[in-house]
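Visitor: What follows is the residue order along each chain.
2 protein chains.
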Amino acid sequence: MYEGIVQDLIDEFGRLPGIGPKSAQRITFHILQSPNFDVSHLALLLSEVRDKVRFCDICGNVSEQDHCSICRDPRRNNTLICVVEDAKDVSAIERTREFRGLYHVLGGAISPIAGIGPDDLRVTQLMQRLADGTVQEVILATNPNLEGEATATYLSRLLHSLEISVTRLASGLPVGGDLEYADEVTLGRAFEGRRSM
Amino acid sequence: MYEGIVQDLIDEFGRLPGIGPKSAQRITFHILQSPNFDVSHLALLLSEVRDKVRFCDICGNVSEQDHCSICRDPRRNNTLICVVEDAKDVSAIERTREFRGLYHVLGGAISPIAGIGPDDLRVTQLMQRLADGTVQEVILATNPNLEGEATATYLSRLLHSLEISVTRLASGLPVGGDLEYADEVTLGRAFEGRRSM
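Read top to bottom, the protein sequences are chains A and B. The first sequence maps to residues 0 to 196 in numbering that gives the first Met the number 0. The second sequence maps to residues 0 to 196 in numbering that gives the first Met the number 0.
Excised from the complex, chain A in its bound form:
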């Protein structure tokens, strides 16, 4: 609809997740019409991210070095590993400041529909990390959905033979939520997991 590179840039933004044609157009015009927007900085960051950022050899988290900042940090509790699906989940858990152990990023979840099996995930690497007996507890923090639950069940069976405590994050009502609006499954889980007080 536009001439040449304006439309090219709109198309390119439209390829990014969550950006539809209207948003892509809005972003492109924002860049065109804001003389203060530092285009070269964004362009440089894009190239640098591709060149410099990789995934931690140990846990699979994003990193600019062989090992990520969490795996490098000697203050982290190395007897505790939290298993997550994605590097984004590491960031979400870090924000809670509740967890001081290490992570293991699987790179997805078991999904027969999407054709993703245990061999497509970083399961072997997890088993290797557990081999020397340092780790005492594995917290399964995969998503509380079908694929995440299947992955957690698979891993808990796999880890059963090792002398390691395997735990799963609690499911229940979201804090600040309203009981009335909770779905049945969540409400059911909240009953199952009820605690004496």
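Careful, some of the hints might be misleading.
Unchecked claim - The calculated DSSO-like cross-link candidates involving lysine-lysine, where the alpha carbons are at most 27 Å apart (straight line), are:
| hint | chain 1 | residue 1 | chain 2 | residue 2 |
| --- | --- | --- | --- | --- |
| 1 | B | LYS51 | B | LYS87 |
| 2 | B | LYS87 | A | LYS21 |
| 3 | A | LYS51 | B | LYS87 |
| 4 | A | LYS21 | B | LYS21 |
| 5 | A | LYS87 | B | LYS21 |
| 6 | A | LYS51 | A | LYS87 |
| 7 | B | LYS51 | A | LYS21 |
Honestly, the hints are just simulated from the structure, not real lab data.
Knowing the structure of chain A, use the given hints to seat chain B on it.
Guide: Frame of chain A; chain B shown alone:
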């Protein structure tokens, strides 16, 4: 939350309109995790758009040359000018394929609250285009909101002295919409503008 340039890129995407922190993170991880995503192409387009794209000397539309493709096209009806607020509106109207005249982009609308007056818009340039008597009709296609209506009213008064027909796009019920869900103002406009059939 992330190390170095990953967070820098998330922040940079977060500065774009309509992209919140979550979307910015999602986009950055998409780029990180898709080896096929051509980062250098996006980086190049960003730089090229800033370097090469400017605004048409005549109408104010985006262009890679002094004059935009519409102003350069000899098949367009040069007795007809459609006045719009923004270059994005040109694209929206072009998609209808209903209009074969020329455009004039004001670069905004009169808004006392935002401190935008007629002098901040490309009004003088519009008057210069109308001076030689070629243009016979000016269609005011500013947005059907407070600022757009104020701008249309201002321009129609300004153009009153010239022997040019001044029209305004029709307001009414959106096609495919449901009368029940129309707001009162739109429904009122639809009554005002009713046509015999």
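Visitor: Of the numbered hints stated earlier in the document, which are not met by this structure?
Guide: Hint check: 3 fails alone, others pass.
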